Amino acid sequence: MTKTCASRDAIAQLATSGMKNSSIASRLGVALRTVQKIVKQWKDEGHVQSKSGRGPKRTVNTRKMRGIIKRRIERKDDHANYLRRIVDSVKKRIEACIKADGGHFENFL
Numbered sequence: 001m002t003k004t005c006a007s008r009d010a011i012a013q014l015a016t017s018g019m020k021n022s023s024i025a026s027r028l029g030v031a032l033r034t035v036q037k038i039v040k041q042w043k044d045e046g047h048v049q050s051k052s053g054r055g056p057k058r059t060v061n062t063r064k065m066r067g068i069i070k071r072r073i074e075r076k077d078d079h080a081n082y083l084r085r086i087v088d089s090v091k092k093r094i095e096a097c098i099k100a101d102g103g104h105f106e107n108f109l
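First residue of the sequence shown: 1, per the UniProt record's numbering; consecutive thereafter.
A couple of the hints might just be wrong.
Only pairs whose alpha carbons sit at most 25 Å apart, straight line, appear in this in silico DSS-like list of lysine-lysine [claimed, not checked]:
1. Lys37 to Lys51
2. Lys57 to Lys37
3. Lys51 to Lys20
4. Lys76 to Lys91
5. Lys51 to Lys40
What follows is a set of in silico ranges between Cβ atoms, one per label pair, in the way DEER data are often shown [said to hold, decoys possible]:
6. His79 to Lys40: 49 to 55 Å
7. Ile73 to Ser23: 56 to 62 Å
8. Asp77 to Asp44: 47 to 53 Å
9. Ser23 to Arg54: 24 to 30 Å
10. Met65 to Ser17: 50 to 56 Å
11. Asp77 to Asp9: 54 to 60 Å
12. Ile69 to Asp9: 42 to 48 Å
13. Val60 to His104: 52 to 58 Å
14. Ala96 to Arg63: 48 to 54 Å
15. Ile68 to Ile94: 34 to 40 Å
16. Lys40 to Arg63: 43 to 49 Å
Because the hints were derived from the structure by calculation, they are not lab data. Note that the coordinates shown come from a computational prediction; the quantities given were computed from them, not determined experimentally. For every residue, glycine included, the Cβ atom is placed at its ideal position computed from N, Cα and C.
Let the hints inform the model, and build the full structure from the sequences given.
Shown next as structure tokens:
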């Protein structure tokens, strides 16, 4: 999980008072780059709240969910094979119908 800086408000106040970024970093014990990012956010956006959507995204990695996903994929493969057999069958029937000039074509199958 992403760490958030607890000193965001203090950094904004010190930057507003005219203190340099390096001085703020050493005074609060925060990395200089962190101070730079927070000061930039303060100047650009007018606030220092953490941005939403940061950090690692949730993944579905439980044994139960993996089983459900695996079964769905297998079912989808079975469905695709079924459709492929239907298409092949229809193709053969249409070719037989054309060969029979629209008449009875069962003997051509």
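Which earlier hints turn out false for this structure, listed by number in ascending order?
-> none
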